[in-house]
Amino acid sequence: MDIVEKVGNGDVRAVARLIRSVEDRIPQAREAMKELYPLTGNAFIIGLTGAPGSGKSTLTDSLIAAFRKQGKGVGVLAVDPTSPFSGGAILGDRVRMQRHAEDPGVYIRSLATRGALGGLCAAVDDAVHILDAMGKEVIIVETVGTGQSEVDIMNNAHSVALVLTPGMGDEVQTMKAGIMEIADLFVINKSDLPGGQKLYQELLRVLQMTENYQSGWQPPVLMVQNIADPRAFAEKVEGLRDAFWEHRAILISKDLLKEREKRKLSVQFHNSLKETLLDPIIEDLTRSGRLDASLERMLAKEADPYTLAEELAGEYLRK
Amino acid sequence: MSKRPIRILVAKPGLDGHDRGARILARCFRDAGHEVVYTGCHQTPEQIAAAALQEDVDCVGLSCLSGAHKHLFPKVVQLLREQDAGDIVVIGGGIIPKQDFPVLYDAGIKEIFTPGTPLPEIVDWINEHVVPGREL
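Residue numbers (the working numbering), protein chains in the order written: chain U, 1 to 319; chain Y, 1 to 136.
The hints are simulated quantities; they were obtained by calculation from the structure and are not laboratory data.
It cannot be assumed that every hint is accurate.
Facing chain U, from chain Y, some residues (calculated, C-beta under 7 Å) [claimed, not checked]:
hint, residue
1, R4
2, R30
3, D31
4, G33
5, V37
6, T39
7, E46
8, Q47
9, A50
10, L53
11, D56
12, G133
13, L136
Every residue gets a Cβ at the ideal spot worked out from N, C-alpha and C, and that includes glycine.
Using the sequences and the hints, build the whole thing.
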């Protein structure tokens, strides 16, 4: 049986191996992805983003339980940062989710950013496709701990929740462009900490200023905390799960899901085109020594990077 | 294509909450350029084997200071073999008496590192014995 067939049958080993091969950019993986593409398009893809330590993994763990309660198969992709020095990584999101390790209805995979700066990693779109093809009905993509502008998740998920915690600044922070704009749902975690109520009020005020002409969707704000009463936390996360489903229903009824899918595809196709066109050129330039020679010329001010790029692009495109 | 990173699962099986050693090793593997999946304490062998499969790791590092290594370590190897993943290299560490080494080697534990082992020695062993990634 070939790898794509195994993935379609939900074979965990095959799924894990294909994701790894995509991450490591093994040429056969690209062939497998071509074959696998028609099997995709059925899953509901959820994004969870927020600052480091805000509680994304704990929320993911509880969301898994909430979706499992509805009998849904759940796939999780959890991203953690790669060291810019060694290339290594500590992938520690799983610590919070290990109670689901043996549930055959749950597949969890940790991914390292490997240099990507948008909160995800280059292989994430393919990994989502693979979990989709293996038959997971809900896929949760957890980003690295994000700041203000790591917004790649908006192009990789249908519905995005932003996890906030008290104590991260005043109301002006909630007005800023970037990550605050891409959330369809807001979760205030550790809401029992000082400033929780204030953050809630500020967020509501800011959201009232936002008109959602197209969808009519008003992003809900959920207050949760896990320390004092884990059972209440689990119940609130079931509310979050229901809010995700409501958001999906609105996206479908207003024909916006298709729009988001298209946006997602456009980014993926863009990257794929760039990779297909640019990678062989860089490789050729490096191998022939022309890259280094060009750099030397630019250093000596004999050539400028603009003209050189135009010349080289023209030359390779004619080929 | 640049070198494929080695993926290692670091886990503590059983009733043992002393994870300082496991964390130091996880950091050390990170600095050696490996991707380390850290699952923390109180793991059952079943959870560890399932995580190893889902994460497609090349190596599983088990740490045990409770004295239950003779039961827990071989169980992880057995579960991996049962699931067609006997190729994953399993190593162990912790408070392990010398006289237990043969039993563990026989059960398929590839190497055992006890307290006092210099970290570079462990990193070198892994770089020498663990191959990153398998054929698709």
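These are the hints, each one checked on the structure:
1. R4: Given a least distance of 5 Å, the restraint on Y:R4 holds.
2. R30: Result: holds, 4 Å to nearest chain U Cβ.
3. D31: For Y:D31, the interface hint holds, since the closest Cβ of chain U sits about 5 Å away, which is under 7 Å.
4. G33: holds (5 Å)
5. V37: The hint holds - Y:V37 has a Cβ within 7 Å of chain U, the shortest such distance being about 5 Å.
6. T39: holds (5 Å)
7. E46: holds (5 Å)
8. Q47: holds (4 Å)
9. A50: holds (4 Å)
10. L53: Holds. Min distance 5 Å.
11. D56: holds (4 Å)
12. G133: The hint holds - Y:G133 has a Cβ within 7 Å of chain U, the shortest such distance being about 6 Å.
13. L136: holds (5 Å)
Of the hints listed earlier, there is not a single one the structure fails to meet.
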